[in-house]
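Let's have the full structure, built from the sequences with the hints guiding it.
Same order as they appear, the protein sequences are chains A and B.
Just so we're aligned, residue 1 is where the first sequence starts under full-length UniProt numbering, counting upward by one.
Just so we're aligned, residue 1 is where the second sequence starts under full-length UniProt numbering, counting upward by one.
Hints in this document: simulated from the structure, not taken from any laboratory.
Same chains, same label: a pair holds when it works inside one copy or across any pair of copies.
Below, computed lysine-lysine pairings styled on BS3-like, alpha-carbon distance capped at 27 Å:
hint, residue 1, residue 2
1, Lys124, Lys91
2, Lys84, Lys104
3, Lys149, Lys64
4, Lys151, Lys84
5, Lys43, Lys62
6, Lys64, Lys84
7, Lys42, Lys64
8, Lys62, Lys47
9, Lys16, Lys47
10, Lys124, Lys64
11, Lys64, Lys104
12, Lys151, Lys43
Protein chains: 2
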Amino acid sequence: MIQLDDLDRAILKLLKQDARLTISELAERLNRPESTIHFRIKKLIEKGVIDRYTIILGEPLKPKSVVAVYIETEIPVIEDFLEKYINHITKTLSMLPNVLAVAKSGRNGIMALIGGETEEQIEKFVDDTIRTLPSLRRVEVFPFTSIVKGKDVIGFLVDV
Amino acid sequence: MIQLDDLDRAILKLLKQDARLTISELAERLNRPESTIHFRIKKLIEKGVIDRYTIILGEPLKPKSVVAVYIETEIPVIEDFLEKYINHITKTLSMLPNVLAVAKSGRNGIMALIGGETEEQIEKFVDDTIRTLPSLRRVEVFPFTSIVKGKDVIGFLVDV
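In structure tokens, the structure reads:
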């Protein structure tokens, strides 16, 4: 396990809020010399604590509506088919720009985060694209009424 | 709806991959003058297309295991209680550092993304902290075996 001290954490917190902060701005806010901040950030990147810098997209590009969909396939007699079929579904979903995220869950489940203009439009997408897939045991839609923690996740995930 | 052209999209794609790219690096990669790139980024920020710049945290800080948990409360006779109770649960969960994201789903549902060292440890957390809440109709855990699209979302959401 990696050891981070208070200064490392303070730097990470500030960069999470605004990664455009310069070394000298960070130094001023944290009341430390620029050389210290520079060295710490270098180490944090080297150790992989900071993976990369990115942008979060704003309202104009964010879908108005978001749902989580859980998909569960039947378990075939020949187990080898299952993995291939799950891979096929996750790949197909991953290629669609309105599908924001896809995770495999257990041996025969998939959880996907899907965006759209309205909940009805997403429901139609689920009916047309997901419920028509063969050998599904269950498809359940969880519409998001509001995101309480991790609000920015949609602007992070959305494709351009 | 906002109008983005190919250059805007190309800039956004590059900044999503690496927000540390300088104006001159972007200009070179996209074969456009620096002044154009500078102007476009300025506009993208002004219009709110770029919301903000951030960092993604790497493996050392990421939980080894992640699950989605769906929680559904009973619907009380006095509806006013429902909203307050849902708010109470979402707020309580949001304060916990191992709870990466929380969304309200429908009128009486909550979806949370929870990280931990192992699936067993998260299951224990769910048993101790969530299943003990009163008036729940349903608690279902969806363990993530792998994230196929949106891999970086955990490094984006994790607290420091």
